[in-house]
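For reference, each letter of the sequence shown is one residue, going 1 to 251 in my numbering.
Some clues are possibly wrong.
The calculated lysine-lysine pairs, modelled on DSSO-like cross-linking and capped at a C-alpha distance of 27 Å, are [stated by the list, open to error]:
| id | residue 1 | residue 2 |
| --- | --- | --- |
| 1 | Lys211 | Lys189 |
| 2 | Lys36 | Lys141 |
| 3 | Lys199 | Lys211 |
| 4 | Lys122 | Lys141 |
| 5 | Lys122 | Lys199 |
| 6 | Lys175 | Lys199 |
| 7 | Lys189 | Lys175 |
To be clear, the hints were calculated from the coordinates, so they are not data collected in a lab.
A quick note: this is a predicted structure, and the numbers were derived from the prediction, not measured.
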Amino acid sequence: CGKAYGARFLFAWPSAAIAVMGGEQASRTLLGIQLKNRGGEVPEAEQRALLASIQQRYEAAMDPRNAAAHLWVDALVDPAATREVLSRALAAAAGNPELPPFRTGVLQMGGLVEQQLQNGVKAIVGGDSRLGEEVARQDHKVNAMEVAIDEDCSRVLATRAPTASDLRLIVAVIKTITDLERIGDETEKLGHAAARLSKSDRTADRYRELKHIGELVAEMVHGALDAFARLDTEAALSVARRDRVIDEEYE
């Protein structure tokens, strides 16, 4: 079982091992893949060193404390307290029906913002005043979606007192729609700028730098939404690291 199955709570004992197979078996499988990719003969001593290194990293990743640090489990539970913890979790789940499809709303809002961003850059680069004006007019839809989702979140917080993964999801949704609304405001500015610049003389490179940085930002927005849809922490961290590239391009 895991987050992908929509569990309301996930607990683990400190003695648990979080993995799809045992450390030795998985390590030998990974070693075989590495040796195949390297090609050629690898000395036996080097193979043993590689196997030991792989097994050490794999077993560290199996540690339930690693799972808790990545929020793959909600808590590590003392075996003696298991009955009490499960009783509280079952009572909480019974008193709080499934949350509304917040993620669907966020992804719909994000898709609109992503399209607005792409169209705003396209309008400036192409000197398309009509497209720019359309981008500016569409901003009210982004604002309306942000208000609707925020009201849903506030209602659930007030009436259900969600806990654990449910609470974290709602907090993440509130922060996400706030940022999406801000991006929507910036795309509205792009639309107005496109309408204004279409009447001026155009440079030979047709805003090449703006087009490039716009593509990078659009890729980040798409990657962030994809990571949110799959609740993929590694993908989310990868997107965050790309912000440095945007800063360098801007400067």
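A quick look at each hint next to the structure:
Distance restraint check for Lys211 and Lys189: the Cα-Cα separation of roughly 16 Å lies within the 27 Å cut-off, and the hinted pair is therefore satisfied. Distance check on the hinted pair: Lys36 and Lys141 sit about 53 Å apart at the alpha-carbon level, beyond 27 Å; violated. Taking the CA atoms of Lys199 and Lys211, the gap is about 19 Å. The hint holds against a cut of 27 Å. The suggested pairing of Lys122 with Lys141 holds, with an alpha-carbon distance near 20 Å, which does not exceed 27 Å.
Proximity of Lys122 to Lys199 is assessed by CA-CA distance (about 16 Å); at most 27 Å being required, the pair is judged to hold. Distance hint between Lys175 and Lys199 is unfulfilled; the C-alpha atoms sit about 38 Å from each other, more than 27 Å. Restraint check: the Cα-Cα separation between Lys189 and Lys175 comes to about 22 Å, which is no more than 27 Å; the hinted pair holds.
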